[in-house]
Every structure is written in structure tokens, then in C-alpha cells.
Amino acid sequence: QKEVEQDPGPLSVPEGAIVSLNCTYSNSAFQYFMWYRQYSRKGPELLMYTYSSGNKEDGRFTAQVDKSSKYISLFIRDSQPSDSATYLCAMSSSSGSARQLTFGSGTQLTVLP
Amino acid sequence: KAGVTQTPRYLIKTRGQQVTLSCSPISGHRSVSWYQQTPGQGLQFLFEYFSETQRNKGNFPGRFSGRQFSNSRSEMNVSTLELGDSALYLCASSLGLQETQYFGPGTRLLVL
Chain A
1 QKEVEQDPGP LSVPEGAIVS LNCTYSNSAF QYFMWYRQYS RKGPELLMYT
51 YSSGNKEDGR FTAQVDKSSK YISLFIRDSQ PSDSATYLCA MSSSSGSARQ
101 LTFGSGTQLT VLP
Chain B
1001 KAGVTQTPRY LIKTRGQQVT LSCSPISGHR SVSWYQQTPG QGLQFLFEYF
1051 SETQRNKGNF PGRFSGRQFS NSRSEMNVST LELGDSALYL CASSLGLQET
1101 QYFGPGTRLL VL
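Chains A and B, in that order, are what the protein sequence lines are.
Position 103 of the first sequence, counted from 1, bears residue number 103 in the numbering used here, the numbering being contiguous throughout.
Here the numbering used here runs 1000 ahead of the position in the second sequence, where the first position is 1.
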């Protein structure tokens, strides 16, 4: 079993819909949680960064972390065709000297105009 | 501020050859990490360098190696290439070891 599980999709939604993306994890040492967006043939781009549990909002994006359930979510409001990409969750522990990221497999999202 | 740059962007090699990939971090960033991305395994951590020292290493064979220079630029080398090494190799830089990582566009390696 992988440390981080993410539904690969693909997920197709109409423009303007609310999108919910999720990851579950098994390593209770994870303290830092991130969401990256990756367009085709590009490197991942950091969208949201959260430490420990709670919610964080940035424009149309909201990240939620529930450490008790080992579950994180990314919500996209008023989705746009430009949001079509692969969304990767990533997480790391606070121990050790390096911030080694463990990624989910990514969810491919298509927003239809 | 310029982002992370990686060269070359595309590379075709044959089995048994070796390859060297280069990464220039964001100006001021001192930590560089390398990741391999494949459709089957997703994004997997290779290693991380800080102040010219390897600080952490993922579960990859010794054929994969890297180094970091005094200007924080980094190279990774893969020797005796195998077909399974075909992947997108991503470099990420951060200010320090515990800071947020920013990714470059990657080098797409095809091994024939």
C-alpha cells in the first residue's frame, strides 16, 4: 500500500462547477501538506501549502487538512477551463534535516467550457 | 526572479549509455532536490543537496548519482541506462532544507 493515495480520475466537470480533490495518507508523521498543479509537459507548480490541520483559502482555492482522519482536500470554486491540469498532493514530515516530499499519483482534471 | 531552469529539456539515449542532467535553482536558493516522474510510479524522490552535500536519498540504485556546486547548481547522472529509466526528471529548489520547493520544467529522457 502506498503512503499517499489519490484517485487518478480522470475527472471532467462543466465550467463554473465546484471541484473536490482528495488524498488519504498512512504516515502519521506527515506535518506539511501541499497541492501542486501540473500542466501537460510542464513541471509541478505549487498551489497551496498547509502546516498541520485546518483550512487555508487563496482566491478560488481552499485546502483542508484533517490529520485525525489522515485526509486532505483541495476545493476549486468557479472552475475554469484553464484549471484543466493534473493536481498532485504532496506531504512531508517534520523530522530529519531534509524536506523529502511524498506525492500522490495525481488527479487529471478537465473543465469543459 | 527567474525560475528553476533545467537543461536539456529533451534527451534520447540508448541502453547502456550514461546521461548528465543539469539544474540551476532560483537565485538565492541553496537546496536542490531531484525527482523522477513516470506514468506508473508517479513522482518519486531521488535525492536532495544542500551546501554541496547530499542530505537525503530516495530508494534508487547506485546508478543514479548527483552533485551540487558552490553556486548551488546541481547535476544528476545516470549510468548504464535501462529502458525503465525513461521518465521526466524534475529538479526543485528551495531556500533551505525545510522550505517550500519550486519545480523546474523537467528533462524528458527517453531510453531506447
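To be clear, the hints were calculated from the coordinates, so they are not data collected in a lab.
Honestly, I wouldn't trust all of these hints.
No more than 30 angstroms apart at the CA atoms, straight line, and that leaves these computed lysine-lysine pairs for DSS-like [as the list claims (entries may be wrong)]:
#, chain 1, residue 1, chain 2, residue 2
1, B, Lys1057, A, Lys67
2, A, Lys56, A, Lys42
3, A, Lys2, A, Lys42
4, A, Lys56, A, Lys70
5, A, Lys2, B, Lys1057
6, A, Lys2, A, Lys70
7, A, Lys42, B, Lys1013
8, A, Lys67, B, Lys1013
9, A, Lys67, A, Lys56
10, A, Lys67, A, Lys2
11, A, Lys56, A, Lys2
12, B, Lys1013, B, Lys1057
13, B, Lys1057, A, Lys70
Quick rundown of the hints versus the structure:
no.	hint	in the structure
1	B/Lys1057 <-> A/Lys67	26 angstroms, holds
2	A/Lys56 <-> A/Lys42	25 angstroms, holds
3	A/Lys2 <-> A/Lys42	25 angstroms, holds
4	A/Lys56 <-> A/Lys70	17 angstroms, holds
5	A/Lys2 <-> B/Lys1057	18 angstroms, holds
6	A/Lys2 <-> A/Lys70	13 angstroms, holds
7	A/Lys42 <-> B/Lys1013	21 angstroms, holds
8	A/Lys67 <-> B/Lys1013	44 angstroms, violated
9	A/Lys67 <-> A/Lys56	14 angstroms, holds
10	A/Lys67 <-> A/Lys2	17 angstroms, holds
11	A/Lys56 <-> A/Lys2	26 angstroms, holds
12	B/Lys1013 <-> B/Lys1057	25 angstroms, holds
13	B/Lys1057 <-> A/Lys70	25 angstroms, holds
Against the hints set out earlier in the document, a violation occurs for number 8 only.
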